[in-house]
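> Chain order of the listed sequences is W and S. Quick note, the working numbering runs 2 ahead of the 1-based positions in the first sequence. Quick note, the working numbering runs 10 ahead of the 1-based positions in the second sequence.
No lab work stands behind these hints: they were computed from the structure. Only a predicted model underlies this, so the values are computations on that prediction, with no experimental measurement involved. Each hint should be verified, as a subset may be incorrect.
Covered stretches of chain W, going by a simulated chain S footprint (3 or more residues, C-beta under 8 Å) [claimed, not checked]:
no. : segment
1   : 18-24
2   : 43-52
3   : 116-129
4   : 216-224
In this text, a Cβ means the ideal position worked out from N, Cα and C, and glycines have one as well.
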Amino acid sequence: MVVKVQAKLLDKIKLKENIYHFKVEAPEIVKTAKPGNFIEIRVSNNTDPFIRRPISIHNIDKNKGILEFIFQIKGEGTKNLSKKNIGEEIDIIGPLGNGTFKYNEYQNIAVIGGGIGVFPLYELCKEAKEDNKHVSTYLGFRSKDFVLLEKEFKKVSDNLIITTDDGSYANTGFAINYLEEDINQGKVSSIYACGPLPMLKAIRKLSIEKNIPCQISLEERMGCGLGVCLGCAVKTAESSKENPQYWHVCKGGPVFNAKLVEI
Amino acid sequence: MNTRINFAGIKMKNPVTVASGTFGYGREFHNFFDLSKLGGIITKGTSLKPRSGNKPPRICETASGILNSIGLQNPGIEYFAQNDLPFLKKFDTAIIVNACGSTVDEYVELCKILNKLDIDGVELNLSCPNVKAGCMAFGNTYDGVKEITSKVRKVLDKPLIVKLTPNVTDIASIAKGAEDAGADGVSLINTLLGMKIDIHTRKPILANNTGGLSGPAVKPVAIRMVYQVSQAVNIPILGMGGIINGEDAIEFMLAGATAISIGAGNFIDPYTSINTISEIKNYMIKNNIENINDIIGKVQIN
Ligand SMILES: Cc1cc2nc3c(=O)[nH]c(=O)nc-3n(C[C@H](O)[C@H](O)[C@H](O)COP(=O)(O)OP(=O)(O)OC[C@H]3O[C@@H](n4cnc5c(N)ncnc54)[C@H](O)[C@@H]3O)c2cc1C
Ligand SMILES: Cc1cc2nc3c(=O)[nH]c(=O)nc-3n(C[C@H](O)[C@H](O)[C@H](O)COP(=O)(O)O)c2cc1C
Ligand code: FES
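Next comes chain W alone, as it looks inside the complex (with noise of 0.2 Å):
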């Protein structure tokens, strides 16, 4: 069930540069998350920034009642966030999105992230991985500097790749060529990705190509989170010109059939 909490935050990492990795105690939400929900969080207390932010659940230990995120500052609101100590609460709404990450009928999954679109993938390899699936895990990112928890993916993977775009580190070139092998060797039987948008158009028409179920988590402007405003409008597959149609990233996502969405 959607609440919302005051959640303490517990422990605050700085991974990067400008990227942050929050620990907080948020039990009611922890008890009904899943792989690929995200929440929304109150970024001041005031009106500006006025609405709040969406960040991808990215670990949740349901024994600990614990909630863990990865954001990287990009203007006013994440750079408040950033600002938080340990003991302060943050006003967090979730878990939300109702399409999330589904493996139970595959058993060899195929999960691909790129950049900063890594973060909300790591539940979801933990929880395949405890259900005895094959995890196949490709991380591409731009260069050596933006690799990021390589060492953490590495535990919950049975497999993983890690790529660079100009080969200063691990393998060269794109994670998707890596996929694309080991789906031309018959070892992928379910693919998920989350990245920017060039990289999940690509899988999309891949995974389309190949014939192999595919789940994408979108990414769209929200005004609710909560599936009221009706902002964050993505295309459905069968939209038209003449006949727009459109799911809400909050609401049947952020994760989709990547075959019912067009991208």
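Could you slot chain S with the ligands onto chain W? The hints should help.
Chain S with the ligands alone, transformed into the frame defined by chain W:
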């Protein structure tokens, strides 16, 4: 203490309602609190036929406010009557349907249907800035508002509230158009037409280029307009625009509003509406106000 009001013939247990387009049809907020606590619920703008809305991005944040160009996406009146109304009827609160259309005939047809539904009133949306045809086009002039309101009045026996656009030079004369055509009340303000440009891409953020501004940024404009309209007409006002707490609500009532609506305030905190109700009560206790009706229009002009 009495917080009951009678707005345009609609009896409400308190003056706090939730604004059209910011509360859906209530389901999502029902998780957070008992909807019966509200004075009333104004539904998302609903049209005769379903509408798919505008291209995204549809939302963008500005200083203390948001710009939206949703484009009145809604499932249509039939769907509403079958699926959403039965849900809303479970609660002890006034249900007001925000009605929108593209032509006069469409408004009339829609209101014929609304007249038969078990609802407490209709808010005629003559003021949406985000759709090309209709809506605001009618709301721009005294004659336009009068014409459409009279035609709707003929087919609607329920309380009729006309929602006004602030994107006009003289809102008081437009309100008069609604009053002269037999409206039972007016509501204001809808959103102010605005625009935001990304200076890096040099493109507007909203796919529709322009959108409607709401939130605390518009409150002073809304207060001024509520005041001006209250001086010009004798029908009651549903005031809105930037209300996020009890103090804001009291300010609107002093300016002349009988009831108020909370819009974007629902997004920053799902409890904004019911917190506002408690804050109004606290204000009444602190200021020895026995009856909330005693503060309506009681601004003391300099
Ligand atoms: C479902 C979802 C999950 C997300 N998960 C994460 C995450 O785990 N980690 C992370 O670092 N970022 C995530 N984002 C992006 C994050 O929401 C934005 O970076 C953040 O809102 C920027 O706010 P700001 O005030 O710092 O930036 P500004 O650019 O100043 O924000 C201005 C406005 O635009 C909105 N906005 C800007 N960028 C985005 C965006 N990409 N998506 C949606 N709205 C945006 C903001 O919310 C705000 O209303 C996610 C977005 C969505 C929709
Ligand atoms: C996302 C969004 C959708 C809206 N949709 C409608 C609508 O369908 N019909 C309508 O009359 N007004 C609509 N409005 C306007 C509000 O009802 C209200 O008049 C306006 O937002 C001012 O109040 P606020 O500042 O409290 O938000 C919408 C506003 C927002 C923010
Ligand atoms: S953000 Fe409001 S409906 Fe999705």
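> Which of the numbered hints are not met once you compare them with the structure shown?
1 and 3
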